[in-house]
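**Q** Sequence:
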Amino acid sequence: MTDLLKNLNENQKAAVLHTDGPLLILAGAGSGKTRVITHRIAHLISTGVKPWNIFAVTFTNKACEEMKKRVMTIVGPQGNSVFIKTFHSAAVYILRRFGEDIKIPSSFTIYDTGDQEDVIKRILASMNLDPKKVKPSMIASKISEVKDSERFIDGVDVSLLLPDYFSFNFEEIFKKYQEKLAENNALDFNDLLIKTVELLRNSKRALTELQRMWQYFMIDEYQDTNHSQYIIAKYLASATKNICVVGDDDQSIYSWRGADIRNILTFEKDYEKTKIITLGENYRSSKQILDAAYSVIQNNGNRKDKNIIAFRGDGERAVWCMANNEYGEGEFVVNTILSIKSREKLKNSDFAIFYRTNAQSRIFEDFLRRENLPYRIIGGLKFYERKEIKDILAYLKFLVNPGDTVALRRIINTPARGIGKASQDRIAEIAEKENLPEWVVIRDELMTGRVPKGLDDFRKIIVKLMRMMETVPGELTLSQFMKSVIDITGYRESLREENTLESNSRLDNLDELLNSIYDYEQTFPDAAPANFIQDISLYTSEENPSDDPEAKTNSITLMTVHNAKGLEFPVVFLTGMEEDTFPHKLSVDTDEGIEEERRLCYVGITRAMDRIFLTSTDLRRSYMGPEYKRPSRFLSEIPRDLLDVKSYTSEYSGGRDYSGGGYSYNGYSPQRRESAASAAPVKKYQLPVEDKNSVLPPVELAEQQELSATGSQFLLRERVLHPKYGPGRIVKIEGSGDNIKLTISFGITNRVFMEKYTPLQKMN
DNA sequence: CTCACGCTCTTTTTT
DNA sequence: AGAGCGTGAG
1 MTDLLKNLNE NQKAAVLHTD GPLLILAGAG SGKTRVITHR IAHLISTGVK PWNIFAVTFT
61 NKACEEMKKR VMTIVGPQGN SVFIKTFHSA AVYILRRFGE DIKIPSSFTI YDTGDQEDVI
121 KRILASMNLD PKKVKPSMIA SKISEVKDSE RFIDGVDVSL LLPDYFSFNF EEIFKKYQEK
181 LAENNALDFN DLLIKTVELL RNSKRALTEL QRMWQYFMID EYQDTNHSQY IIAKYLASAT
241 KNICVVGDDD QSIYSWRGAD IRNILTFEKD YEKTKIITLG ENYRSSKQIL DAAYSVIQNN
301 GNRKDKNIIA FRGDGERAVW CMANNEYGEG EFVVNTILSI KSREKLKNSD FAIFYRTNAQ
361 SRIFEDFLRR ENLPYRIIGG LKFYERKEIK DILAYLKFLV NPGDTVALRR IINTPARGIG
421 KASQDRIAEI AEKENLPEWV VIRDELMTGR VPKGLDDFRK IIVKLMRMME TVPGELTLSQ
481 FMKSVIDITG YRESLREENT LESNSRLDNL DELLNSIYDY EQTFPDAAPA NFIQDISLYT
541 SEENPSDDPE AKTNSITLMT VHNAKGLEFP VVFLTGMEED TFPHKLSVDT DEGIEEERRL
601 CYVGITRAMD RIFLTSTDLR RSYMGPEYKR PSRFLSEIPR DLLDVKSYTS EYSGGRDYSG
661 GGYSYNGYSP QRRESAASAA PVKKYQLPVE DKNSVLPPVE LAEQQELSAT GSQFLLRERV
721 LHPKYGPGRI VKIEGSGDNI KLTISFGITN RVFMEKYTPL QKMN
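Take 1 as the starting number for the first sequence in my numbering and just add one per residue.
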């Protein structure tokens, strides 16, 4: 067992050896935190603690997976018996076992954000509120915010928690929402935690039982816990007080979700005789990277200053590359990857591209595909959020829980059976009047008047599937049953008939779903449909289930900075380092907002082991049109001697253009070209000729603008007056002679005209 | 009732 | 650039 401690420093050792009593580990980035946790688990087991007596929770699915993997490598198969979960899945486990004590049937389903919004939409409709003026997503996040709040969890009435500035009755919506969920036997993400708190408060039996089972607690990312998570931990650990929490206030990035940084700052007050251990040595990043990261985070006022010691040598300087636009940024990133790969023996999986928002991923994907570089995206468009997957899972949800009207609405006319809105409303009406579930109205054929033919089909399909499901698992495996669901409902058939590119990809996705169910039942052979449904809802942040392991290890990773927490890569690209992108526009108004963005930036930089590239653009297109960008303030917080500044200009524009006069200019004039040492352009793309000039050139390059060689009487970028559309600007000239086509931008929209037939007037 | 088309609005991070 | 909605034809 001395082996276990061999590769640890003094503080890490102390943390591993302190097994009994409260322990607070302040673990800076790269300080070997996960290592300590896993070794600590191994050490506990080696001293005779049973694996199933250990409870370890992390915050995200990915971190959880990582921890499981690493525990398994150290302790072997008995690692399987250690309870390692996310907070939410731990809550599901607890509620499934003991929820009956507070009247939560164990068959409850979990509503994700989409389901929540469906419920809210229907409530808004019933209250005659315009979903355009009152956005369901806004209501959903407000509801979530209330439910996350400390006072709500401590029992304060909703009416006292609501701001009074709403033009509508929020309280009524809230109450109806809660009723609807109860009616549907559903819990949302907040409920999982809240109900667990309620259970632990009210069920002595549950608490005793759980406390007997779990005697050692470990909570990772403690700075990200919200109030209910804090309470849950407190209840569970109250018997033994063997609680070890790990965190770093500099990496708190979830306050918008109710995470309360005070939980870590006051831990020592909550638990008497807390032992505090600081892990201040960074083993991950080379010194220059660490210094850059540190120079950023130092600008936060509200933090405990810590002395982070770089263990590694100086390494390479951080690079800041200013690109002319997002295509330049994408090209720079991909070129740099190719260039590094050609010089150094690095695998694709050694590279990661981070961005602030998921929407930024697309351009990187395009460039990576172009170069045939395999990549995988974490988060973003999630597999289980695809329409066809949600549809089929909605069938299963409904079969398991026929009270789930959200699922019913989803499937009743999917595929189309001629049961339209009118019929659906009538069913709901009858159900309301007779005080029966909607499904019973359908099942017992209580509908009067004109009954759509398809309704009878639907009834038969559901009854048949319900009978079939009774034989699962047993006669039928879950995956066999799900295959039947896809077939019997006619879903597969309707996609086959469509026979488009899209429908075929949907069919593929359904096969992937069946594969993932098959995998699931290998792990849990006795799993009933209900268990599967419950597990799957929490699985949403997982990547595509069919990603084969090979691809996983040989792919470049793309993800948001939030998703990057806890991970590390030899080469990191932190992209979109512009004001209003990172820090994000919606966070810049408050000091707290800025500080959280800064912590996020710190998290991003400290993921890098050997090299970090920060990129910004001068001009970025969004759906609002092109916008001039100023470099992120975080860049200016890094001293110049820690930054290698480059610039990169791409002529590629993705076949689109930036022109049209309508872009906003927020006062920044790019005066950077003097340092224009172009970075590692390994390879220029073959550009379609007509794309060549379609990027609006930077101001100082404007004079280099070539004259159009097509024989047009107009010049590129010339201002013209169109008789019908008014003033515009020529952004593209194609063809020659009588066949010249002009693309003219009028603010947001572009239109193409034949020069010959269009009476344009020059405007200069 | 369904489908297709065109219009509008979209602006963060995740369990 | 894309989703979601309303409208109008079949």
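No lab work stands behind these hints, which were simulated from the structure alone. Bear in mind that the values here come from a model prediction, so they are computed numbers and not experimental data. Where a beta carbon is used, it is the ideal one built from N, C-alpha and C, also for glycine. Do not take every clue at face value.
Stated by the list, open to error - Derived lysine to any residue pairs resembling SDA-like cross-links, with alpha carbons at most 20 Å apart:
#: 1; residue 1: Lys69; residue 2: Thr86
#: 2; residue 1: Lys304; residue 2: Ser339
#: 3; residue 1: Lys85; residue 2: His562
#: 4; residue 1: Lys304; residue 2: Thr86
As the list claims (entries may be wrong) - Now the in silico label distances, taken between C-beta atoms and shown as ranges:
#: 5; residue 1: Gln522; residue 2: Glu183; range: 46 to 52 Å
#: 6; residue 1: Gln522; residue 2: Glu100; range: 15 to 21 Å
#: 7; residue 1: Lys273; residue 2: Gln211; range: 18 to 24 Å
**Q** Are the hints correct? Go through all of them and say.
**A** Results of checking the hints against the structure:
1. Lys69 - Thr86: 14 Å, holds
2. Lys304 - Ser339: 40 Å, violated
3. Lys85 - His562: 19 Å, holds
4. Lys304 - Thr86: 27 Å, violated
5. Gln522 - Glu183: 46 to 52 Å: 36 Å, violated
6. Gln522 - Glu100: 15 to 21 Å: 30 Å, violated
7. Lys273 - Gln211: 18 to 24 Å: Holds, at about 20 Å.
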